[in-house]
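2 protein chains.
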Amino acid sequence: MNNFDFCSPTYFVFGKERETEAGRYVKKYGGNKVLIHYGGGSVVKSGLLDRVKKSLTEEGLSFIELGGVMPNPRSGLVYTGVELCKKEGVDFILAVGGGSVIDSAKAIAMGAVYDGDFWDFFSVKRPEKALPVGTILTIAAAGSEGSGDAVITKEEGMLKRGSGGDCLRPRFSILNPALTQSLPAYQTACGATDIMAHVFERYFTNTKEVEITDRLCEAVLLTMLKEVPRVIEDPNNYEARANIMWAGMVAHNNLVGVGREQDWNSHGLEHELSALYDCAHGAGLAVIFPAWMTYVLDHDVLRFAQMATRVFGCEMNFQNPKATALEGIWRLKKFFTSIGMPINFKELGAREEDIDYMVEKFGIGIGKTGGFVALDREAVTAIYHLAL
Amino acid sequence: MNNFDFCSPTYFVFGKERETEAGRYVKKYGGNKVLIHYGGGSVVKSGLLDRVKKSLTEEGLSFIELGGVMPNPRSGLVYTGVELCKKEGVDFILAVGGGSVIDSAKAIAMGAVYDGDFWDFFSVKRPEKALPVGTILTIAAAGSEGSGDAVITKEEGMLKRGSGGDCLRPRFSILNPALTQSLPAYQTACGATDIMAHVFERYFTNTKEVEITDRLCEAVLLTMLKEVPRVIEDPNNYEARANIMWAGMVAHNNLVGVGREQDWNSHGLEHELSALYDCAHGAGLAVIFPAWMTYVLDHDVLRFAQMATRVFGCEMNFQNPKATALEGIWRLKKFFTSIGMPINFKELGAREEDIDYMVEKFGIGIGKTGGFVALDREAVTAIYHLAL
Numbered sequence: 297m298n299n300f301d302f303c304s305p306t307y308f309v310f311g312k313e314r315e316t317e318a319g320r321y322v323k324k325y326g327g328n329k330v331l332i333h334y335g336g337g338s339v340v341k342s343g344l345l346d347r348v349k350k351s352l353t354e355e356g357l358s359f360i361e362l363g364g365v366m367p368n369p370r371s372g373l374v375y376t377g378v379e380l381c382k383k384e385g386v387d388f389i390l391a392v393g394g395g396s397v398i399d400s401a402k403a404i405a406m407g408a409v410y411d412g413d414f415w416d417f418f419s420v421k422r423p424e425k426a427l428p429v430g431t432i433l434t435i436a437a438a439g440s441e442g443s444g445d446a447v448i449t450k451e452e453g454m455l456k457r458g459s460g461g462d463c464l465r466p467r468f469s470i471l472n473p474a475l476t477q478s479l480p481a482y483q484t485a486c487g488a489t490d491i492m493a494h495v496f497e498r499y500f501t502n503t504k505e506v507e508i509t510d511r512l513c514e515a516v517l518l519t520m521l522k523e524v525p526r527v528i529e530d531p532n533n534y535e536a537r538a539n540i541m542w543a544g545m546v547a548h549n550n551l552v553g554v555g556r557e558q559d560w561n562s563h564g565l566e567h568e569l570s571a572l573y574d575c576a577h578g579a580g581l582a583v584i585f586p587a588w589m590t591y592v593l594d595h596d597v598l599r600f601a602q603m604a605t606r607v608f609g610c611e612m613n614f615q616n617p618k619a620t621a622l623e624g625i626w627r628l629k630k631f632f633t634s635i636g637m638p639i640n641f642k643e644l645g646a647r648e649e650d651i652d653y654m655v656e657k658f659g660i661g662i663g664k665t666g667g668f669v670a671l672d673r674e675a676v677t678a679i680y681h682l683a684l
Numbered sequence: 297m298n299n300f301d302f303c304s305p306t307y308f309v310f311g312k313e314r315e316t317e318a319g320r321y322v323k324k325y326g327g328n329k330v331l332i333h334y335g336g337g338s339v340v341k342s343g344l345l346d347r348v349k350k351s352l353t354e355e356g357l358s359f360i361e362l363g364g365v366m367p368n369p370r371s372g373l374v375y376t377g378v379e380l381c382k383k384e385g386v387d388f389i390l391a392v393g394g395g396s397v398i399d400s401a402k403a404i405a406m407g408a409v410y411d412g413d414f415w416d417f418f419s420v421k422r423p424e425k426a427l428p429v430g431t432i433l434t435i436a437a438a439g440s441e442g443s444g445d446a447v448i449t450k451e452e453g454m455l456k457r458g459s460g461g462d463c464l465r466p467r468f469s470i471l472n473p474a475l476t477q478s479l480p481a482y483q484t485a486c487g488a489t490d491i492m493a494h495v496f497e498r499y500f501t502n503t504k505e506v507e508i509t510d511r512l513c514e515a516v517l518l519t520m521l522k523e524v525p526r527v528i529e530d531p532n533n534y535e536a537r538a539n540i541m542w543a544g545m546v547a548h549n550n551l552v553g554v555g556r557e558q559d560w561n562s563h564g565l566e567h568e569l570s571a572l573y574d575c576a577h578g579a580g581l582a583v584i585f586p587a588w589m590t591y592v593l594d595h596d597v598l599r600f601a602q603m604a605t606r607v608f609g610c611e612m613n614f615q616n617p618k619a620t621a622l623e624g625i626w627r628l629k630k631f632f633t634s635i636g637m638p639i640n641f642k643e644l645g646a647r648e649e650d651i652d653y654m655v656e657k658f659g660i661g662i663g664k665t666g667g668f669v670a671l672d673r674e675a676v677t678a679i680y681h682l683a684l
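If you read the sequences in order, they're chains A and B.
Numbering-wise, my numbering comes out as the position in the first sequence, counting from 1, plus 296.
Numbering-wise, my numbering comes out as the position in the second sequence, counting from 1, plus 296.
With the rest of the complex left out, here is chain A (with noise of 0.2 Å):
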């Protein structure tokens, strides 16, 4: 196991209703002028807005809101949101959505506070400070209600680009599950691919001696394979609903990530498709997984067949492991197709001859990415034809 920091501080506050206890939560954390950010007409149409302007109302603090953040959320808005936090003196950010509305959120954050462009974060600096963020989660997938991550699209060329430090952590997040159960099963999916791709991402390592970390993302995997399907069939299935929100947060506030090198070229692969389809991000990420796993599979067979045994149920062969391994990949293919999510260009709507256009655009982050298995040009090119 590697040394490690590991600081997760995010208040959490889980369960029914509870985004009524919004306003005091933004209290506690020392907001008074608020920025509401959130993305389309939903949390309008629910009148989950409502219910969170009111509670806000009630604790005596006054708010300015900012909408019409877009999955694969864009610069454009979060300049808009700066200047805006910066012309109006605001001094806490509360985000109310998915993770496109959090990052988009966090991404704000830094640049009120920052002289320079707020993009400086996610290409050459590590970011120090930022407005405190609170959220109130709507969907269960990109984990940044608990982590200091946030992903943001630049116009300009489609780059896709990520920003990471503790202070980008909320300071506190609502997860209602209930609020969950309005979304279509195809969203619904695409979230559920996306918590286990970053188990996925810290799971694939060449730290040894990782056990605990290990099973954690066992875990989370297990609950995954259990509780999906269950949603899928009934998406006002409340406990279902619930287990996946909190594997959601668990699986990328990094607890299962700490000690060990991580991988994180499968997400690097998957931008270059939500790029330039703007697909989801779940349904980029269940055609690139298992074309990744396949090509990279030689490189530690036995690590693919734990996973096949301990999450998928295979039985081990011992005599050919890599048997065992392919048929995790396999059933996690079957898995994916079974909740409704592509598992090939063909199903995703990607081209073949995009690829060396993706590969292009790719390149620029070789070099950053990569702990279990670096990727040169041709490795990338051949995952991407491994997922036609």
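Rather than coming from a laboratory, the hints here were simulated on the basis of the structure.
Take these hints with a grain of salt, some might be off.
No copy is singled out in the list; a pair is fine if it fits within one copy or between any two copies.
[To be verified] Below 25 Å or equal to it, Euclidean Cα-Cα: the simulated DMTMM-like pairs (lysine to aspartate or glutamate) are:
1. Lys323 <-> Asp462
2. Lys323 <-> Glu424
3. Lys522 <-> Glu557
4. Lys329 <-> Asp413
5. Lys350 <-> Glu424
6. Lys618 <-> Glu557
7. Lys383 <-> Glu361
8. Lys329 <-> Glu379
9. Lys312 <-> Glu557
10. Lys350 <-> Asp301
11. Lys450 <-> Asp650
12. Lys504 <-> Glu529
13. Lys350 <-> Glu384
14. Lys349 <-> Glu674
15. Lys312 <-> Glu505
16. Lys312 <-> Glu611
17. Lys504 <-> Glu315
18. Lys657 <-> Glu529
19. Lys504 <-> Asp530
20. Lys329 <-> Glu384
21. Lys324 <-> Asp462
22. Lys324 <-> Asp387
23. Lys421 <-> Glu656
24. Lys504 <-> Glu313
With chain A's structure known, arrange chain B on it following the hints.
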């Protein structure tokens, strides 16, 4: 899943030689005048205390010392510490040791900012504030390095009682697994048993639909089954020590227990053993748990069968689930025996003729605990007898 709040804000500093950073973290978390609190001579003899003092001095911090914490830490030394803190204007307590030292430090931290008797927080009050505490952990066991709990024994009547509140969570905890390599096998096994016990207290619940926390509990237990025999075999196995040390934190910062009723009767039953015989807490737990499990088994046979199959690798007996459940308990006993733990009164040195006295004393706690099965006098008596 029940509604819950969860916040584990402790900054964890994990790995080799990291105790040399103690001064930096005390400073970061606002300490100027530090009370270094520790137990017996081992932290002195090993040179650990000197390294810590050097680190504080290098940061320009002043400090006083208070050693002498005993296992099952006593109120007497807490009173001394409280007085010392008040007199010397201590603003930070640095605990160097195991759970006993940390719990003693937490009790002093509460008392130092309170006008009344600190014991109030172990009897009639919940703590709302305390001096900040940092820890340098020397044994993987109590999980106090990441928890908001403390247990103190009052000499009069040898009352062992707990207190809890988020203000007791350490600001930072330094976990260097190498510091635990000098621990004798017996103490190591006692600590491991305590870690497993913290999971059992949470695992046996009447709350339905808690798959994620079930799986996380099982992750910790599976890790212990793999790693503990390796350190008993080779105390210098750093990697196994590291996995156990992090598992010990995960087992008790309550991540694996949120959203579910917990039990904690076995800890109460054990407290009477260690109060009366001054035995190691872990040893007492190894005696109590199999007896408690056997007694309450019929309350939820399938939950015990789940543990037996998922954790102890038993094959599910679909014709007779209770046989599977019992096999799990039997394997747990075999495991405890294999790592040198006592599993009955005789091996612990406890006496049948003391049972009535212990039942009498335990009576005080009834009603406060017992989330899985509420125990009456008859039940407590029966469990102690099952442990003979």
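Here's how the hints hold up against the structure:
1. Lys323 <-> Asp462: both (21 Å within a copy, 18 Å between copies)
2. Lys323 <-> Glu424: both (23 Å within a copy, 18 Å between copies)
3. Lys522 <-> Glu557: between (28 Å within a copy, 22 Å between copies)
4. Lys329 <-> Asp413: within (23 Å within a copy, 41 Å between copies)
5. Lys350 <-> Glu424: neither (33 Å within a copy, 29 Å between copies)
6. Lys618 <-> Glu557: within (23 Å within a copy, 42 Å between copies)
7. Lys383 <-> Glu361: Classified as within: same-chain Cα gap 13 Å, cross-chain 52 Å, threshold 25 Å.
8. Lys329 <-> Glu379: Within one copy only: 15 Å inside a chain, 43 Å across chains, cut-off 25 Å.
9. Lys312 <-> Glu557: Answer is between: at 17 Å across copies they meet the 25 Å cutoff, but 37 Å inside does not.
10. Lys350 <-> Asp301: Between. Shortest inter-copy distance 22 Å satisfies the 25 Å Cα cut-off; intra-copy 39 Å does not.
11. Lys450 <-> Asp650: within (20 Å within a copy, 73 Å between copies)
12. Lys504 <-> Glu529: between (39 Å within a copy, 19 Å between copies)
13. Lys350 <-> Glu384: within (21 Å within a copy, 48 Å between copies)
14. Lys349 <-> Glu674: Close neither inside one copy (52 Å) nor across copies (54 Å); limit 25 Å.
15. Lys312 <-> Glu505: between (39 Å within a copy, 15 Å between copies)
16. Lys312 <-> Glu611: For Lys312 and Glu611, the Cα distance exceeds 25 Å both inside one copy (40 Å) and across copies (38 Å).
17. Lys504 <-> Glu315: Classified as between; 23 Å across copies, 42 Å inside a copy.
18. Lys657 <-> Glu529: For Lys657 and Glu529, neither the intra-copy (38 Å) nor the inter-copy (52 Å) Cα distance is at most 25 Å.
19. Lys504 <-> Asp530: Only across copies: Lys504 and Asp530 sit 18 Å apart there, 40 Å inside one copy, limit 25 Å.
20. Lys329 <-> Glu384: Only inside one copy: Lys329 and Glu384 sit 8 Å apart there, 41 Å across copies, limit 25 Å.
21. Lys324 <-> Asp462: both (19 Å within a copy, 15 Å between copies)
22. Lys324 <-> Asp387: Both. Shortest intra-copy (13 Å) and inter-copy (24 Å) distances satisfy the 25 Å Cα cut-off.
23. Lys421 <-> Glu656: within (24 Å within a copy, 64 Å between copies)
24. Lys504 <-> Glu313: Result: close only across copies, 20 Å inter versus 43 Å intra.
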